[in-house]
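> Residue numbers (my numbering), protein chains in the order written: chain A, 1 to 328; chain B, 1 to 328; chain C, 1 to 341; chain D, 1 to 341.
Wrong hints could be hidden among the right ones.
As the list claims (entries may be wrong) - Here are the simulated lysine-lysine pairs, DSBU-like style, with alpha carbons at most 30 Å apart:
1) A:K203 <-> A:K44
2) A:K257 <-> A:K203
3) A:K47 <-> C:K196
4) B:K44 <-> C:K146
5) C:K318 <-> B:K52
6) C:K196 <-> D:K146
7) C:K196 <-> A:K44
8) B:K44 <-> B:K203
9) A:K257 <-> A:K318
10) D:K318 <-> A:K47
11) B:K203 <-> B:K318
12) A:K203 <-> A:K52
13) C:K318 <-> A:K318
14) D:K196 <-> B:K318
15) B:K47 <-> C:K318
16) B:K52 <-> D:K146
17) C:K146 <-> D:K196
18) D:K196 <-> B:K47
19) B:K44 <-> D:K196
20) B:K257 <-> B:K318
21) A:K44 <-> D:K146
22) B:K257 <-> B:K203
23) C:K196 <-> A:K52
24) A:K52 <-> D:K196
Calculated directly from the structure, the hints in this document are not laboratory data.
What follows is the residue order along each chain.
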Amino acid sequence: MTTDDPIHTLSEAVNQAMDIAMAEDPDVFALGEDIEDPIGGVMKGTKGLSTKYGRERVRNTPISEQAIVGAAIGASLVGMRPIAEVMLMDFFAVAMDQVANHAAKLRYMSGGRTNVPITIRTSVGGGRQFGAQHSQSLEAWMMHIPGLKVAVPSTPRDAKGLLYSCIFDDDPCIFMETMSLLFTRGPVPPGRFEIPLGVADVKRAGDDVSVVTWGWQVPEALAAAETLADEGISVEVVDLRTLVPLDRDAILRSVAKTTRAVVVHAATQFAGPGAEIASLVGHELFGRLSAPVERMGAAYSPVPYAAELESLHYPERKRIAATIRAMA
Amino acid sequence: MTTDDPIHTLSEAVNQAMDIAMAEDPDVFALGEDIEDPIGGVMKGTKGLSTKYGRERVRNTPISEQAIVGAAIGASLVGMRPIAEVMLMDFFAVAMDQVANHAAKLRYMSGGRTNVPITIRTSVGGGRQFGAQHSQSLEAWMMHIPGLKVAVPSTPRDAKGLLYSCIFDDDPCIFMETMSLLFTRGPVPPGRFEIPLGVADVKRAGDDVSVVTWGWQVPEALAAAETLADEGISVEVVDLRTLVPLDRDAILRSVAKTTRAVVVHAATQFAGPGAEIASLVGHELFGRLSAPVERMGAAYSPVPYAAELESLHYPERKRIAATIRAMA
Amino acid sequence: MTVSTTQPVGSGGSNEGLTDDAALRIFRTVTTIRSTEDRIIRGLSSGELRMTYYTVRGQEVIPAAICEHLRRDDYMVTTYRGMHDCIAKGVPLDELVAEMCGKVTGTSKGKGGPMHLSDPQSGLMVTTGVVGGGLPIAVGLALSSKLRGTDQVTVVNFGDGATSIGATHEACNLAALWEVPVVFVCQNNQYGEHTKFADYTRSPSLAERFRGYGMEARTVDGNSVPAMHEAAAEAIGAARSGSGPVFLECLTYRLGGHSFGATTEYMDPDELSQAEANEPVGRYRRWLVDQRGIGEDVLADIEAAVVSSVEAAVEAAKASPPPAPEELLTDVFSSVEALPR
Amino acid sequence: MTVSTTQPVGSGGSNEGLTDDAALRIFRTVTTIRSTEDRIIRGLSSGELRMTYYTVRGQEVIPAAICEHLRRDDYMVTTYRGMHDCIAKGVPLDELVAEMCGKVTGTSKGKGGPMHLSDPQSGLMVTTGVVGGGLPIAVGLALSSKLRGTDQVTVVNFGDGATSIGATHEACNLAALWEVPVVFVCQNNQYGEHTKFADYTRSPSLAERFRGYGMEARTVDGNSVPAMHEAAAEAIGAARSGSGPVFLECLTYRLGGHSFGATTEYMDPDELSQAEANEPVGRYRRWLVDQRGIGEDVLADIEAAVVSSVEAAVEAAKASPPPAPEELLTDVFSSVEALPR
Ligand SMILES: Cc1ncc(C[n+]2csc(CCOP(=O)(O)OP(=O)(O)O)c2C)c(N)n1
Ligand SMILES: Cc1ncc(C[n+]2csc(CCOP(=O)(O)OP(=O)(O)O)c2C)c(N)n1
Ligand SMILES: [Mg+2]
Ligand SMILES: [Mg+2]
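Between the sequences and the hints, there should be enough to build the whole structure, so can you do that?
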């Protein structure tokens, strides 16, 4: 990462990726609730784009997530590259038929005669007292359906590069924008910038314990690693960046080295995405681990509203540090 | 299991449980598509019940799964015990908002002031050339949402006892009726019969390898065990029966004994329900296993139509036997 | 001794005129709603309070008039923008405010929050944060009354924007088919989040569209107490008498941004200031004085009582502790034994 | 040299009358549909063939008339009960039958099956097995034409039962709002699976209900070629000219159970036998002879040609191999490298 890149928020980086994609390719367009100016998306992701590209290409929709995702699918079947916005990931629940039964399956069901190059952007709550229906990280649902790609950036730079790749990817991509990171700042390469899907990034190198994580929990893991460094524990933080494709080699490379792994995520731990990774590590590195693979995900409860409970619900730096400390 | 119990199909056992529940409690009623006589449900689960209890208590609905599940939730909030039928599990995709954002969360979100004692019965396809949109086992979605119980019987007896328990359970229960088992026959205790949720059943005892499985794959695992017995490999088959509550003790007890485990299910393997179980076993029995925990689930693809491909897609007895043989 | 707990919630859908008693009950309700909102906004602005808050300013009359015709054992379902509905239905103000603040004395022990208020004791059964999510549930509540042979009515509140989503359509079709006693109250405040009505549908009229399901549907001035009172009487009376569901489109105007802190730049400023000038609580107060000859002093007494009960509710909420850590894993299931470990 | 591949698919929504050429093209199409169905049922009954099959008997005229006004580059979306739509739109019969049999020469190499036919070459874009699932997708196809400034039209077929589900409602509202060139073709065959129209809705009229979204909506006798031909011309012409979506309720009757092997015990036997007596292919044939003076021999020639091409398609499908094992993991993603291992 060059340090003289201009500094932007993750939301601005998302905006840049869409802006560049729309400038490059007339087949790229966006649709979703409140995405037109002056609002430009409730999280500002599309700010300025309807003004620049017109309200034909940046289209407000009614509150109808099935229609939003379905319309994106339809346009994509004939080669357009729609970017649909589902305001919050919790609302995927109303659109899962289009996502899982249509977007994910149409390539296969047509024997490859059609494909669905859509991107669905969505905000992921949590940590902001939005309550049980506005705070869920549902990447496990997506991972479990063959045919969907899933990206979860943790930095502005990754957000730009991954979103650009999603837009031009020939398969349906779910792009998760973690709300608590949306307004964090970081360097973002100017102009066209791509990060291939399926390549994890070691955000911090270390020798004793590997933390495998993504999205919201990356800065938490990095903070825990920083604390532990002072205690002489060297932590490697592997940011997966995409869950499908999954960078299996990067995970195994790191854990083979450290022989200890913790998988950390904001999604519910039970039957969550970390179970796949823990199973993979346990299987592939059987007999070579110094400790059982630990998983840290959200507690088995709907997300509570009260701040005091919500902070217990999700993993966070202190508890991550404690878990690592106990196993190192 | 007493062997002089009358013999019934799994579908008849389901029917008996509902019949008895409706006779016992006027608050029990059923709703769903085509559940009234003369059809009595496309899988015959409700056959005869509308004739016996009237079309007020066994109600046909329009094709509207959100309304079906939502109406069940509403009635349950005031103490009724609705049994909703969603014709196929794939169609949960249109109703996930009611299932995951409402049924699962209302008890918690109300601080316990309300609860949702519904049962959602659903048929699960697979192995019958129904294609990608009619063959999915989506229990992983359900397990991942805190607040939902999930039952998947593999025998007529279990179906009756578990369904009865689901109907009178105070939490939302998803009851999965595996289509390829619906017309298999077995002994069913007459009259009121209950099997508590959360208690696994060892369907075959063995010493060398534990197969942890449920539903469709139970007879497959038993057939594999039978084959392997002739080869001198002793296989224990643990039928979980419910995935939530999960009988963790039964799993660990079996694997602690055999030191080898295979988790087998019809759901997609990747990020599937088996990942939770494999992670659990790997964690709790770390250092005490003789082999890595194996997972066998459906291949990472939409379910193919052609019979030749579909039989490769799902686990089945021969490949299960081969996997066990390789690790024993 | 808060106002809301003792506030009568009417007596069941009679179409009798708006008596002075009823008129004053409604005044007390709208005043309670307005005062609570004002107090919350003040607390949020100063940093004294913290919550997500969806204004109900401008929509007070709708539930106040509706609840005149509801009994305590009638059911109500509402949305994140539902504080007015909760107050009108009789949710105790102390518990309501405490819940919005995430405190243990709240309706949900602080675990639900402002988008998930529920209080079955007063018939407020569900508050959902998912647009359209409440309608199918309301059909089920109404079905329970039908199956049990009671004459309870269910009222479900939702926004104009919710008319675009699938759940709404499925629920209306099912309710009409089953002839269940539910009143669909569409609080048409002209906006779905930041999008105007005319920008998300070409429907010439919602009432007309929903009549298409084969149920009664009517448009009413939701900011006029007499009009709302009468329309609600009719709709609730019809539902209670067993003639099936009714759709009421209540015209109103959202007097502010979507939620606290949200911009209003997309709203027509003239239209907004005109709506503000004609805002329904003041309009109703003037009507009571001018048309009904109610004394200023009577109204001022009610206002003063309301303000002090609101203040008491806020103070009680502030003094209430947050839920204890053990609460994290309770109320997931009926028993903690069912939890995965 | 199968009939369906060479069959013209009309020339774009003109409202001109039904010429003899057009009338014979339609006859060839309905005959192909009927023959294919008959042959499949025969194969299923004898055990020669194996598939899930949803009868289209009685619904042949609808797509045959519609496709007279469609170009090859117009888009179509249909359902599991869509073999007639596929044939009319020009999906090659050999590939169609092979797909239904799960063979590698099928449209999807045997991986989709009868519920998932698609052939973008002929504009048949999606077949879905989820009730209502196709409508939002059709809106997107139509949107692509609008954004690209082409005059392509999208036709989406669905059943009467699909009008109850959320996706249908969302799609219609969105299409009307965006004024995209889509024709919603509701093939009202009176049943949703085993439930009668009157048992799942109180809507007095579907056309009237859907007009509520602010779009054109019309009911037509879907079993009459002249009526369907004219209504389709108008609807497709309107969509093509940019005046937005149209909803067509095509009245027809499902002449059999829901799917092969399903019972019909819930259907009124008198109604069914009356509908069978008036079934649309025979009715049309009589009309051609009696009203249009077309010679028996001309029709018999077409019928003979059709039968032999259907037989050829079935034989080709039987001879075709199943997909190879490697196909299991291809077409999941654009590249197999993206697959989790
Ligand atoms: C299914 C779903 N989609 C999107 C949202 C985000 N959202 C919250 S409120 C709202 C606007 C709703 O408008 P309306 O129904 O008119 O209700 P109002 O807020 O005006 O009371 C939206 C889009 C949501 N909560 N649920
Ligand atoms: C969402 C969903 N729910 C239920 C089903 C099961 N199902 C398949 S066909 C059918 C009836 C559909 O009726 P209609 O829309 O009238 O179409 P038709 O079969 O008459 O062509 C049903 C309920 C489904 N495929 N999808
Ligand atoms: Mg609104
Ligand atoms: Mg039909």
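> Measure nothing beyond the straight line between the CA atoms of K196 of chain D and K47 of chain B; if it is 30 Å or shorter, mark the hint as holding.
holds (18 Å)
> Given the hint that K44 of chain B pairs with K146 of chain C, test it: the Cα-Cα distance must not exceed 30 Å.
holds (27 Å)
> Just to be careful, I want the Cα atoms of K196 of chain D and K318 of chain B compared with a cutoff of 30 Å; is the pair within it?
Violated, at about 45 Å.
> Against the 30 Å threshold, does the CA-CA distance of K203 of chain A and K44 of chain A hold or violate the hint?
holds (27 Å)
> Are the Cα positions of K146 of chain C and K196 of chain D separated by 30 Å at most?
holds (23 Å)
> Is K203 of chain B close enough to K318 of chain B, meaning Cα to Cα at most 30 Å?
At roughly 19 Å apart (the allowed maximum being 30 Å), K318 of chain B and K203 of chain B satisfy the hint.
> Check whether the Cα positions of K44 of chain B and K196 of chain D lie no farther apart than 30 Å.
holds (19 Å)
> Sort out whether K52 of chain A lies within 30 Å of K196 of chain C, counting only the CA atoms.
With Cα atoms ~21 Å apart, K196 of chain C and K52 of chain A stay inside 30 Å; holds.
> For K47 of chain A and K196 of chain C, compute the direct alpha-carbon distance and say whether it is at most 30 Å.
holds (18 Å)
> Holds or violated: are the alpha carbons of K257 of chain A and K318 of chain A at most 30 Å from each other?
Judged against 30 Å, a Cα distance of about 24 Å means the pair holds.
> Is K52 of chain B within 30 Å of K146 of chain D, Cα to Cα?
Violated, because 55 Å separates the two Cα atoms, which is more than 30 Å.
> Does K44 of chain B pair with K203 of chain B here, judged by a C-alpha cut-off of 30 Å?
The given pair, whose Cα atoms are some 27 Å apart, holds under the 30 Å limit.
When each numbered hint is compared with the structure, violations occur for hints 5, 10, 12, 14, 15, 16, 24.
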